Amino acid sequence: MPSKSTTVEQPIRSNTYRLHEFDPTSYDWDDLEVLFDTYIAVEGVTDDNKKRNLLITALGVQPFKTLISVCKPKKPTECSNLEIIQKLGTNYARVTFSSTERLKFFATCQESSQSLTDFANSLRDKSVTCDHPIQIPIQIDAVQVNFELDTGSRITIINEYVWKLMGKPKLHPVKLTYNSFSGHPIPFKGEKMIKVNYNDRCAQLPLVICDNNRNNILGRNWINVLHLSNKTLDAIVSDSSIQNINSGFKNLNDLLIRYDDIFKDGLGCCKMKPHLHIKSNVIPKFCKPRSLPFAYSQAVENDLNRLVTEGVLELITVSKNEFATAMTITDLKISEFA
Numbered sequence: 559m560p561s562k563s564t565t566v567e568q569p570i571r572s573n574t575y576r577l578h579e580f581d582p583t584s585y586d587w588d589d590l591e592v593l594f595d596t597y598i599a600v601e602g603v604t605d606d607n608k609k610r611n612l613l614i615t616a617l618g619v620q621p622f623k624t625l626i627s628v629c630k631p632k633k634p635t636e637c638s639n640l641e642i643i644q645k646l647g648t649n650y651a652r653v654t655f656s657s658t659e660r661l662k663f664f665a666t667c668q669e670s671s672q673s674l675t676d677f678a679n680s681l682r683d684k685s686v687t688c689d690h691p692i693q694i695p696i697q698i699d700a701v702q703v704n705f706e707l708d709t710g711s712r713i714t715i716i717n718e719y720v721w722k723l724m725g726k727p728k729l730h731p732v733k734l735t736y737n738s739f740s741g742h743p744i745p746f747k748g749e750k751m752i753k754v755n756y757n758d759r760c761a762q763l764p765l766v767i768c769d770n771n772r773n774n775i776l777g778r779n780w781i782n783v784l785h786l787s788n789k790t791l792d793a794i795v796s797d798s799s800i801q802n803i804n805s806g807f808k809n810l811n812d813l814l815i816r817y818d819d820i821f822k823d824g825l826g827c828c829k830m831k832p833h834l835h836i837k838s839n840v841i842p843k844f845c846k847p848r849s850l851p852f853a854y855s856q857a858v859e860n861d862l863n864r865l866v867t868e869g870v871l872e873l874i875t876v877s878k879n880e881f882a883t884a885m886t887i888t889d890l891k892i893s894e895f896a
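Counting from 559, one number per residue, gives the positions in the sequence shown under the numbering used here.
No wet-lab data here; the hints were simulated from the structure.
Given the structure is predicted, the values throughout are model-derived calculations rather than measurements.
Treat each hint with caution, since some may be false.
Stated by the list, open to error - Here are the simulated DSS-like cross-link-like pairs (lysine-lysine), alpha carbons at most 25 Å apart as the crow flies:
| hint | residue 1 | residue 2 |
| --- | --- | --- |
| 1 | Lys608 | Lys645 |
| 2 | Lys733 | Lys722 |
| 3 | Lys750 | Lys726 |
| 4 | Lys829 | Lys843 |
| 5 | Lys684 | Lys722 |
| 6 | Lys843 | Lys822 |
Can you build the whole structure from these sequences, using the hints too?
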């Protein structure tokens with residue numbers, strides 16, 4: 559008798575997993591593109607229409623309404639997947655200004671509850687939009703100067719500080735008038751022909767000195783002579799990278815000995831006297847001391863005695879006809895009070 563053929567049913571693949579709805583208030587469009595590309599790669603989706611439909615279903619209510627608006631007069635289903643990605647990418651692109659982003663980057667501080675890893679990740683995220691200028695080290699008259707590559711400037715400029723490092727060479731008056739990007743005239747101290755050395759290439763090039771602490775700008779007149787215009791930006795950055803930093807100290811102990819006044823025990827003291835300028839007709843105010851919780855009394859007294867012993871505070875006697883203000887005692891939760 560012929561054997562009965564048995565068929566094994568393949569388990570139906572679950573399609574319950576789907577992309578999280580895109581919410582522009584939670585994450586950026588670039589993040590959704592990464593999630594979407596990963597999703598279609600895992601699912602093995604190759605059909606462009608199916609990619610488009612999956613992308614549409616991954617949009618929240620407000621992004622979907624935005625998609626309908628940017629696709630008009632056509633419907634979203636009449637557009638290709640690439641067209642939808644480009645339209646939404648343009649609509650949800652972050653508008654940033656590099657100067658503002660740099661200020662935010664350098665003003666970033668580590669929060670008390672933030673780990674070092676999270677702080678480093680935050681700095682990486684903020685540095686993406688900073689658009690830091692390309693720094694190129696060039697030797698001029700035996701002085702190493704870091705210039706910012708600026709193809710929008712027709713001249714090369716150094717600030718007054720670098721000019722002083724060069725020994726304040728004699729300058730000639732600047733014959734032409736130059737304006738900034740905003741149209742304001744830029745004041746200069748003068749100009750001079752200078753010996754330039756960059757990557758074994760020497761040349762005598764004109765240099766303009768400004769009369770304040772502006773950035774050192776590498777303009778087009780030097781870029782062409784030094785053949786920087788023939789290089790890619792990656793090659794320029796690679797040539798300008800710092801290969802080694804030599805601190806001059808063989809070990810940590812040498813550093814501690816060299817700067818023993820910084821690392822010694824104790825609070826330390828600034829060698830300066832502050833001055834308060836007060837109008838002569840100001841009436842002194844005498845503020846009464848604030849009440850202190852009994853539980854803090856002993857700890858505050860101990861800390862005040864410590865500050866007096868270290869010379870931070872000094873006991874004085876004041877009358878009600880003099881200036882006096884009460885201390886604010888704050889629990890720092892580290893067995894210290896301030």
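Results of checking the hints against the structure:
As the CA atoms of Lys608 and Lys645 are separated by approximately 18 Å, the hinted pair is consistent with the 25 Å bound. Between Lys733 and Lys722 the alpha-carbon distance is near 22 Å, which keeps this suggested pair within the 25 Å criterion. Restraint check: the Cα-Cα separation between Lys750 and Lys726 comes to about 11 Å, which is no more than 25 Å; the hinted pair holds. For the hint linking Lys829 to Lys843, the alpha-carbon distance of about 30 Å lies beyond 25 Å, and the restraint is violated.
For the hint linking Lys684 to Lys722, the alpha-carbon distance of about 35 Å lies beyond 25 Å, and the restraint is violated. For the hint linking Lys843 to Lys822, the alpha-carbon distance of about 39 Å lies beyond 25 Å, and the restraint is violated.
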